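Chemist: If you want the building blocks of each chain, they are given just below.
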Amino acid sequence: MASEEPVYIAGAYEHPTREAPDKSTMQLHAEVAKGALEDAGLEKDDVDAYFTAGVPEHGSGLSPLVAADYLGLDPSYADTTDYGGSSYVSHVGHAASAIRDGKCDVALITLAGRPRSRGQATGSGVRGLQTMQDSFERVYGVTNVTMYGMAAQRHMHEHGTTSAQLAEIRAAASHHAQYNEHAMYQEPVSVEDVLESRVVADPLHLLDCCVISDGGGALLVVSEDVRSTLERSCVEVLGHGEAIGHQDAGRIDLSKTAADQSGARAFEEAGLGPEHVDYASIYDSFTITVLEALEDLGFCAKGDGGKFVEGGTLRAPDGELPFNTDGGGLCSNHPANRGGMTKVIEAVRQLRGEATDEVQVDADVALAHGTGGSIGTRHGAATLVLGGEDR
Amino acid sequence: MSEASRPVPEVTPETERYWEAAADGRLLLRECRDCGLTYHYPRALCPDCFSDDVDWLEAAGTGEVYSYSVAHSMSGWPADDLPLVVAYVELDEGPRMVTNVDCDPDEVTVGTRVEVRFVDVDADDVAIPVFVPAAE
Numbered sequence: 272m273a274s275e276e277p278v279y280i281a282g283a284y285e286h287p288t289r290e291a292p293d294k295s296t297m298q299l300h301a302e303v304a305k306g307a308l309e310d311a312g313l314e315k316d317d318v319d320a321y322f323t324a325g326v327p328e329h330g331s332g333l334s335p336l337v338a339a340d341y342l343g344l345d346p347s348y349a350d351t352t353d354y355g356g357s358s359y360v361s362h363v364g365h366a367a368s369a370i371r372d373g374k375c376d377v378a379l380i381t382l383a384g385r386p387r388s389r390g391q392a393t394g395s396g397v398r399g400l401q402t403m404q405d406s407f408e409r410v411y412g413v414t415n416v417t418m419y420g421m422a423a424q425r426h427m428h429e430h431g432t433t434s435a436q437l438a439e440i441r442a443a444a445s446h447h448a449q450y451n452e453h454a455m456y457q458e459p460v461s462v463e464d465v466l467e468s469r470v471v472a473d474p475l476h477l478l479d480c481c482v483i484s485d486g487g488g489a490l491l492v493v494s495e496d497v498r499s500t501l502e503r504s505c506v507e508v509l510g511h512g513e514a515i516g517h518q519d520a521g522r523i524d525l526s527k528t529a530a531d532q533s534g535a536r537a538f539e540e541a542g543l544g545p546e547h548v549d550y551a552s553i554y555d556s557f558t559i560t561v562l563e564a565l566e567d568l569g570f571c572a573k574g575d576g577g578k579f580v581e582g583g584t585l586r587a588p589d590g591e592l593p594f595n596t597d598g599g600g601l602c603s604n605h606p607a608n609r610g611g612m613t614k615v616i617e618a619v620r621q622l623r624g625e626a627t628d629e630v631q632v633d634a635d636v637a638l639a640h641g642t643g644g645s646i647g648t649r650h651g652a653a654t655l656v657l658g659g660e661d662r
Numbered sequence: 023m024s025e026a027s028r029p030v031p032e033v034t035p036e037t038e039r040y041w042e043a044a045a046d047g048r049l050l051l052r053e054c055r056d057c058g059l060t061y062h063y064p065r066a067l068c069p070d071c072f073s074d075d076v077d078w079l080e081a082a083g084t085g086e087v088y089s090y091s092v093a094h095s096m097s098g099w100p101a102d103d104l105p106l107v108v109a110y111v112e113l114d115e116g117p118r119m120v121t122n123v124d125c126d127p128d129e130v131t132v133g134t135r136v137e138v139r140f141v142d143v144d145a146d147d148v149a150i151p152v153f154v155p156a157a158e
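Taken in sequence, the protein lines are chains A and B.
The first sequence begins at 272 in the numbering used here and counts up one residue at a time.
The second sequence begins at 23 in the numbering used here and counts up one residue at a time.
Do not take every clue at face value.
What the hints assert, rightly or not - Simulated coverage check for chain A against chain B, where a stretch passes if three residues somewhere in it have a Cβ under 8 Å from a Cβ of chain B:
1. 449-460
2. 589-599
As the list claims (entries may be wrong) - Pairwise CB distance ranges, derived in the manner of DEER restraints:
3. B:Gly47 x A:Thr402: 24 to 34 Å
4. B:Glu38 x A:Pro588: 53 to 63 Å
5. B:Asp124 x A:Asp524: 37 to 47 Å
6. A:Gln391 x B:Arg65: 28 to 38 Å
Hints listed in this document are in silico derivations from the structure and should not be mistaken for laboratory results.
As the structure is a prediction and not an experimental result, all values here were calculated from the model.
Heads up, the beta-carbon is just placed ideally off N, CA and C, and yes, glycines get one too.
Work out the full structure, taking the sequences as your base and the hints as a guide.
Modeler: In structure tokens:
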């Protein structure tokens, strides 16, 4: 809001690796932290707040202690909100609030993980029982991909969405990934390629699913006082919103996500609307994740997502709403099976004019949206509206 | 279904009656006496109004497929038990529940009428409700 102290993202760093058999997860945390500090022009000792979600290889417990110990941090403020992949989007909003409250000035957010080196078949493997709900879900062999498959099936049933429309999303992402030298899959694919890939869980094909990659990323969120000392171009955090979608006692609606609430909150805080967004990073664990979020964020009416993505809408630089210009989780990177971090990083690149030349958008306002957990059961939704320095 | 391959639900004091009823061939829901909500999965307090005055309600065991997906490959699940139909079934009492529809994938679509069956797992006094297409 206009009356609030402005808060900025001053540093953003995505680890170039996609497969790191020779590194530890904690090493990756340190490498991305160092990269973000160098990007911002800040020193390690400047960091006075630390944000991370679960450390995947160690479970979620005590993750700030494990990480702060390894990284040698002495934060006066810590937050380990864990919404799965959307966590790191929410951390930016939480850091902004903490900075405005005077609790800290330089907040470091890190993510790292090595699911690829560990051989995890994350999306299609049966997992053990952990939560109370798992006894009512995982005993049926539900997996990430069948959960999202059920969402896609319901969306198709209610709105006539087609597999070819979902495939448009992968094709657009792959169009961008061809220009990203670090992307895991750089070969452009067509709608037909997606439809001809094997079905993993009806109606989702293999190419409707994101990559499994090692890696990580880091962000630095800073106060106005700190920003004024930096030479680096910074990105302003204009709005932030969150919501949790869940089973709702048995009334779950698989055709929508909680992005309708998180997006509305973020836009209200920013005093802007979907019509002002020049570039959007949309969480893309699966193509259906993008389609539902586009509708719920208000870029088109509920049910119109399939038509909306046709005709190159999502393709940079000339589409109506260029999205995931790094290739996204579908083609480039989904480090630690948590894609919220890279969503924010690519939005920062776009607003700084530092995206790959072929996909750079003339962007003053960007949106980064995370969907964590599963839209088939319960999920976190976190939305950021970000502004360029010279907008 | 390959019953032996299924994870065994964790039975707690809060959910014991649900699992025991399933082993006895009955599907239970919970119903709030204060606000009237019928809900699944079982919880001691009503998730709408936090009342602890909640009853057990025996479901008819019938409903229709709200959505489904067919897993064609799945690590950690026996290959001879694939493809596996995972579904949300909307019970006639209202709640939608995660389950399986135990049939040829070609026999299921959104809206298919189904009825409950129970499969044993490797634990005493526990069975799991699944569904099959309803007899005409």
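Chemist: Each of the hints needs a verdict: does it hold here or not?
Modeler: For each hint, the structure was consulted:
1. 449-460: violated (count 0)
2. 589-599: violated (count 0)
3. B:Gly47 x A:Thr402: 24 to 34 Å: holds (27 Å)
4. B:Glu38 x A:Pro588: 53 to 63 Å: holds (60 Å)
5. B:Asp124 x A:Asp524: 37 to 47 Å: violated (26 Å)
6. A:Gln391 x B:Arg65: 28 to 38 Å: With Cβ atoms ~31 Å apart, the hint holds.
Consistency note: the structure conflicts with the earlier hints numbered 1, 2, 5.
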